[in-house]
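Undergrad: Next come the chains, spelled out residue by residue.
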Amino acid sequence: MTAKIIETNDTPFNRVDVDTVTVDIIENALKNVREEMDAVLFRTAMSPGIREQGDCFPMVANREGKMVVGQFGSFIHGFLAAYDDEIEEGDIILTNDPYMCNAAVSHLPDWIVLVPVFKDGRHLAWTAMFGHMSDNGGMVPGSIPIKAETIFQEGIRIPPTKLYKKGKIQQDILELILHNVRTSEWNRFDLNALVASCRTASKRCVEIAERFGDEIFDSTMQIMLERNLQAMTAIINMIVPEEPAYFEDYVCDDGVGKGPYKIACKMWREGTPDKPLAIFDFEGTDPQAESSINFYMNEEMFKMFFGSFTINLVDPQILFNDGFYDLVDVRIPQGSLLKPNFPAALSGRTHALGRIFDVMGGVLGQGAPDAMNAAGFSDSPHLFFSGYDKKGEWFQLFQIGFGGIPGRPIGDGPDGHSLWPGFTNVPNEFIEAYFPLRIVKYEPITDSGGAGLHRGGNGLSVAYEFLVDGQVALHDDRWLTYPWGVNGGEPGMRSTKKLVRFDGSEEWLPAKCEGVDVKEGDVLYFNTWGGGGWGDPFSRDPSLVEYDCLRGLVSSEGAKRYGVVLENGKVNEEETKNLRDKLKNERGDIDLFNFGGTIDEIKSSAREETHLEPPVSP
Amino acid sequence: MSYRLGVDVGGTFTDLLLVDDSNGETYTAKVPSTPEDSSIGVLDGINRICSQSDIDLSKVSQVMHGTTVATNAVLTGKGAKVGLITTKGYRQVLQVARSFCPGGLGGWVSYVKTPLLAPLELTIEADERMGADGQSVSPLDKDLFKKDLELLNSKNKIEALTICFINSYVNGQHEIEAKEIAKKVLGDIPISISSEVVPEMQEYERAETTVVNSYVRPQVSKYVTNLQNSLQDKMSDDVNLAILRSDGGLASGRAAAESPVNLLLSGPAGGVAGAMYFCKRSGFENILTFDMGGTSTDVALIQDGEARVRRETRVGDVTVRAPSVDVRTVGAGGGSIAFVPELTKALRVGPESAGAEPGPAAYKKGGDKATVCDANVVLGYLPSDVKLGGDMIIDRESSVKVVQELADAMGIDLMAAAEGIIKIVNESMLGALRLVSVEQGYDPRDFALVGFGGAGPLHANSLGILTGSWPVIIPPGPGVLCAYGDATTKVRDEASQTYVKKVEDIKLEDFITELEALKTRASVSFEKDGIDSTRQVVKYQADIRYTGQAFQLSLGISIDDLKKNSLSILTDEFDRQHEQLFTFAHGKDHEIVMLRAVVEAQNEEMADLDINTSNSSVDDAKIQDSQFYYEGKWHDAALFERNKIGVNSTIPGPSIIQEMDSTTVILPGHSATVDKIGNLLINPNK
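Residue numbers (this note's numbering), protein chains in the order written: chain A, 53 to 670; chain B, 325 to 1010.
Okay, chain A solo, but in the shape it has when bound (with noise of 0.2 Å):
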């Protein structure tokens, strides 16, 4: 750690002893701290990718940086290492640069708070949250560019750097900072909003603290780290194979004519019941992009994500903590597409950031099948819509786009849902009322959703009428590649892009495009991805997809998939017999996975299939 904090009070924290009921109240009170944490920052934030999205994300971690409470994992210690200076009480810490902070934030948007928290002179803690901001500069309007081959074109990097010094803001940088975005009331509102949402908290801890005493605080913060770590121990041996399970996932391309991009990851389990380890080994991963693709991942981030998946099983109320880190060891290849050389450009990250998620599933679920959800919703496609309107004044528009949510275990997968915690849609009534554009159709695609004996869920169709001429930029994935299916159950349809124009024409974009000129009247319809089916879609109650054709969800031609054929909208049950019984014949055997086809077989058809020409390999 080359930081150095200074306590003007150096009496050290001892470790005492806490009763079990004491540590479970203050997990509470620090339960209710990060519920408040995200309450201060949506009704203070502006902009509408905060306020409506949710798309932040809030911590507090004890002493030593090590979250406590949270979502994400911890930063600050990449953070203490990377920063060469004193802090102070009254300080509060900004940056956005992944390469600066260990990839605690993996894209420049992300603008991160960090405030560390004293009490009577000495450190007690650390709060900190990050969100996306709806500008940082740079390209493109929005501050993604696919095309960018550097991080110096992705717009203002800040690195570590005091917003306030001992209380006060240092207006200068502000400014400095501020004038380089093309949103600078909406960021300066957001990052208001991500200090008061921090200085509540720290307000917070104080408050537990003078209740129960700094040092059963501080005691209590590491005893909740050993429980993560006692029932972490406990999971990893449970569900972490000794046998090496190997899973690979794609990101379909980078938007500059190369891919699909292959995300490999083994798995298994070294050590002692006692103390086991769990490895995860990148090695196989494609090289970095030239593009901005490149998801620079931190290693705690992935343990973060795979803790939070597995813990879940067994005590849901668990606050959920850095406490199992050492269990984990994380291997990435070093100029890999998860670990890029510096200075390569990371802003397009958020493909290869959800497939993550998909990979995660097919490597754990291989141990345990049934309690493995199919391929879904693993992105967060987005839509840039900027230019000036009939007043003459500068608009820019951030959509996020939503789809299917697999088939799970637990049942059908949602239709136009959000994997992502907190996530929420844009009213469209507010778009409508704040830009121009008018959004004349929202509704899931029927038949989307992969067959199985639970449902994928629909993708989303969204088609946006432009009413002023302006620029659009599209990142989407999972154009090529199936969301797979599993058990049996059918990958789910990929997303496609088709711009219609005012005079009837008709052209197909690519997944990855920017700087698009679009004129008043043209219609854009963003199609969303369905997630994949779980299990055998010839066993699901056929009276199950009569109704789901009743409700549009899935056409009497869909039906069949299920080997279900429909009469006026009744099934027919003994054709229905039938067609499942040669369905069955043809079909063989079931495989564990269902990808649609060999990357070879996929590219060969793209052409036809999706209208756009397969990219080359990387």
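Warning: the hint list may mix true and false statements.
In silico BS3-like pairs for lysine-lysine, Cα to Cα no more than 27 Å straight-line [stated by the list, open to error]: (1) B:K466 / A:K83; (2) B:K725 / B:K693; (3) B:K479 / A:K622; (4) A:K493 / B:K412; (5) B:K466 / A:K493; (6) B:K412 / B:K437; (7) A:K622 / B:K471; (8) A:K622 / B:K405; (9) B:K383 / B:K852; (10) B:K481 / A:K622; (11) B:K825 / A:K443; (12) A:K83 / B:K693; (13) B:K946 / B:K1010; (14) B:K1010 / B:K1000; (15) A:K622 / A:K571; (16) B:K437 / A:K622; (17) B:K852 / B:K831; (18) A:K83 / B:K669; (19) A:K612 / B:K479; (20) B:K481 / B:K508; (21) B:K405 / B:K481; (22) B:K747 / A:K83; (23) B:K437 / A:K493; (24) A:K571 / B:K412; (25) A:K171 / A:K199; (26) B:K479 / A:K443; (27) A:K612 / B:K437; (28) A:K255 / B:K747; (29) B:K669 / A:K327; (30) A:K550 / B:K412; (31) B:K503 / B:K546; (32) B:K863 / B:K888; (33) B:K831 / A:K442.
Some but not every residue of chain B turned toward chain A, in silico, with C-beta under 10 Å [claimed, not checked]: (34) I379; (35) A421; (36) E445; (37) V461; (38) P463; (39) Q526; (40) T668.
Bear in mind the hints are in silico, worked out from the structure with no lab data behind them.
Glycine residues also receive a C-beta, built at the ideal position from the N, C-alpha and C atoms.
Given chain A's structure and the hints, the job is docking chain B onto it.
TA: Then chain B, alone, in the frame of chain A:
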């Protein structure tokens, strides 16, 4: 001489309170609720209370009623078969539900969506489009709509219809046109249109709210009509039935049946109103209410004698845009189950509840899991050797057995486990109290804490210690407080309109015209119910925020102030409050998003309710000696009967005060005084 009757229908009991308007004398009764048709229970209760008090039924002029009919229809999924008409392209607006999956990272893995209240097979699209500016983009295709609706109707028996078109909050013309056609096609079923029910921006929330209105409407309407008819049969043709709304105002039976979406929190609103009634009379205008029942606890903040109202109502998984008293609920109550997950060995309490069946182990009705109630029994807060009022048997041995199992799992002793359960459940209730106070910028130490509901008085003293809110007040009849609330509130209605204009672009005279138009709209139901304008009191509100922000405040305004000081009275106040809440203010870019007029009927003066208070000495009220366990040791605690404690008497802690439907614990170092209203005021000893 006339009487008013407050009636609260709860899940288990129906509580009644009869008030003599001339002298404030009261009579109460408690009868079992009849969930299959709650009007039966209500009428049973009315018979009971009148025969007990020997009062002629025909003298009852007003029946004021808090009901859970609407709530239960939503919670049990037993509402009407609702058809929904949307704008073309938006048929699945409820299916997508803003794409939200609850829970943290990976929450989607276990998320199970509840069935839509207007199912997709009963949802059709209409070809029409309104622009965001209120100009029609394309007119309603009436012939096509009529044909589609006829087809839908021929296949399904729809019991209520909802129409919700995009941007209808700005201009509802297309919805009105569709409604006219639907009336002809469907005949005599209720039709709710979104531009009337809730003319507010956000298509999903508006559709859901209007659908919920349709969903509960036939049931509520039937219930209200039946009850009104039976009341008229039994009492007189002039008897007036009013229903308590979620926002704490009363609506006439007729108005309630038309907009039942406003009744979803009728029950909790009654409790808050009852607490306010007793506290105001004792001089407490700033209070935190704490209503702890079997499965959950409702808390609310009242400042200057007014409950905070928020623009959203939540029942189970359903959230609608309807005003309600800002009651926050936590899944922690007397029946909450405690457990110890094997791997973490942490002690967890709730949100699962043993409910009424099988209930806590102590009740010996088959409950075999430790609940909060069992912990209270083990610790001696709920004495097992005394029978008072109710017929409930409390068996300490059963409680000990289930709590011991938890203690063993954690490796601690029985009493520590029992105290642990209480402390943890108190902590989650503290979380709810903080949510309405600290997190809204209020210091709980500036408020008194009012505990009621079946279990509130047991925990109130402890929560007073945690919040620093003194005194802790236990109002008279803490178990029937809702009925008091019902009997003491005013008729209210409101009209609101999405506005969305930057303050700098607003012309003051247009603004005032808009407010006056809203007043006219809000008064419609008063005119229909024969409450003339001299008895109407109007209050105006504007919802204001910084442009684009989610947070907004409803600020009260008067037209006189506006004329004097223009809109800066709004913007200055907003900046002040924003700074208080969030430590910063922006000072510019204000936007008015919503205007509202709230009209209330002035009540005729009502004599103060007379609470039975005896003048007996403290010793007369003592039943026997007992013991309870607190902070690691046993304390001798006397047991008192509340009804016998005289005004101004002081009961020192540790002690337990019992009454028919509730038990109050006074902890060591505290004592309770009975004030002239009949409230128990608990304070720390000086």
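Undergrad: Which earlier hints can't be squared with this structure?
TA: 1, 15, 17, 25, 26, 34, 38
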